[in-house]
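**Student:** Position chain B relative to chain A; hints supplied.
What follows is each chain in one-letter form.
2 protein chains.
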Amino acid sequence: MELLKQRIVKDGTLKEGNVIKVDSFLNHQIDIELLNEIGKEFKARFVSDKVDKILTIEASGIAIAVIAAQHFNVPVVFAKKTESKNLDNDTYESTVYSYTKDKTYTIRVSKRYLNEGENILIIDDFLANGKAAEGLIDIINRANCNLVGLGIAIEKGFQKGGDSLRSRGIKLESLAIVQSTENGKIIFR
Amino acid sequence: MELLKQRIVKDGTLKEGNVIKVDSFLNHQIDIELLNEIGKEFKARFVSDKVDKILTIEASGIAIAVIAAQHFNVPVVFAKKTESKNLDNDTYESTVYSYTKDKTYTIRVSKRYLNEGENILIIDDFLANGKAAEGLIDIINRANCNLVGLGIAIEKGFQKGGDSLRSRGIKLESLAIVQSTENGKIIFR
Chain A
1 MELLKQRIVK DGTLKEGNVI KVDSFLNHQI DIELLNEIGK EFKARFVSDK VDKILTIEAS
61 GIAIAVIAAQ HFNVPVVFAK KTESKNLDND TYESTVYSYT KDKTYTIRVS KRYLNEGENI
121 LIIDDFLANG KAAEGLIDII NRANCNLVGL GIAIEKGFQK GGDSLRSRGI KLESLAIVQS
181 TENGKIIFR
Chain B
1 MELLKQRIVK DGTLKEGNVI KVDSFLNHQI DIELLNEIGK EFKARFVSDK VDKILTIEAS
61 GIAIAVIAAQ HFNVPVVFAK KTESKNLDND TYESTVYSYT KDKTYTIRVS KRYLNEGENI
121 LIIDDFLANG KAAEGLIDII NRANCNLVGL GIAIEKGFQK GGDSLRSRGI KLESLAIVQS
181 TENGKIIFR
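Which chain is which? The protein sequence lines are A and B, in order. Just so we're aligned, residue 1 is where the first sequence starts under the UniProt record's numbering, counting upward by one. Just so we're aligned, residue 1 is where the second sequence starts under the UniProt record's numbering, counting upward by one.
Next up, chain A with everything else stripped away, as it sits in the complex:
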């Protein structure tokens, strides 16, 4: 998606540890118009697929998922990372290791919001090693739902998550795949 790639080049910055910082428009301050274009593009990429629900993970996936959901006319469910009195006790759980935060955490979705046989599209802002995606897929499997595929804004193509999903025949649509960040320059696949 050319608009997103241009924006990454214009406003993204690289930081130590292969971090691509896009918090001026995607995951801290949020450019709503850009998100809307991203949502339209996800709809175009999954236009032939039946989607009953969009699944994402808090926190930064939520913005992109709810704007995309307007183009699919389906509800969003977001997996929670934190314990809360407000969450049902009866949840599907999985475990995710975050390289960015260097810790392992449990993600949870109430069993009430994933019904057997539903077609679930995963939407998230980033895919790198794919740990969050694997956790969400695990939850979809536990709920006996069907995984439609994954819509990702930015994939780090130099990490293994995306290609691992593709090699298993999973439909993965990444709108910008960063192939390399060597010498401080962002090169797309």
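If you're looking for bench data, these hints aren't it; they were derived computationally from the structure. Don't take every hint at face value.
Note that the list lumps identical chains together, so a pair holds whenever it fits in one copy or between two copies.
Stated by the list, open to error - Heads up, simulated DMTMM-like pairs for lysine to aspartate or glutamate below, C-alpha to C-alpha not over 20 Å straight-line:
| id | residue 1 | residue 2 |
| --- | --- | --- |
| 1 | K103 | E134 |
| 2 | K101 | E58 |
| 3 | K21 | E58 |
| 4 | K111 | D138 |
| 5 | K101 | D11 |
| 6 | K131 | D163 |
| 7 | K160 | E173 |
| 8 | K81 | D102 |
| 9 | K101 | D90 |
**Tutor:** What follows is chain B alone, placed relative to chain A:
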């Protein structure tokens, strides 16, 4: 807002500790159409106010804020609760006590995304004791921005946050104010 009140009565449940559980449509599974009506209503309530940016707090405020932002044509910034390698070191910080989670946490906004003199509207899903709201107002003050007011989906009117803000002349627009939950029945103000 009648539509929201009806939905709270229909799908909301009461749990121990004055918890009003609306996770089937507002803060775990998200009804996008309802959120869009909520966004429209916030715009109507603040139509005479100049708003440059919407500020919210992760995680459940994000969905409501980004949908509302489409009606204001402004960016959203969300305060972060967790340490992250991706966050600038140079942040405005405040401390918030969460009754729901029974812990104190630090919220942070990068100094780059709140500019002196900007008019900031706070949007969030819930207001109870007002601790999160006070943290966000503190950050707005530290950044020398102007607080336009607060748009809240559900206010717990039997807790003191809302009336404390109103008594200080702050413009607070709550779309549904729950005055009482006695005997398991939700009564609106």
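**Student:** Are the hints correct? Go through all of them and say.
**Tutor:** Each hint, compared with the structure:
no.	hint	verdict
1	K103 x E134	within (16 Å within a copy, 30 Å between copies)
2	K101 x E58	both (14 Å within a copy, 16 Å between copies)
3	K21 x E58	both (18 Å within a copy, 18 Å between copies)
4	K111 x D138	within (13 Å within a copy, 38 Å between copies)
5	K101 x D11	neither (23 Å within a copy, 36 Å between copies)
6	K131 x D163	within (13 Å within a copy, 44 Å between copies)
7	K160 x E173	within (15 Å within a copy, 47 Å between copies)
8	K81 x D102	both (14 Å within a copy, 16 Å between copies)
9	K101 x D90	between (27 Å within a copy, 18 Å between copies)
The structure does not agree with numbered hint 5 stated previously, though it agrees with all others.
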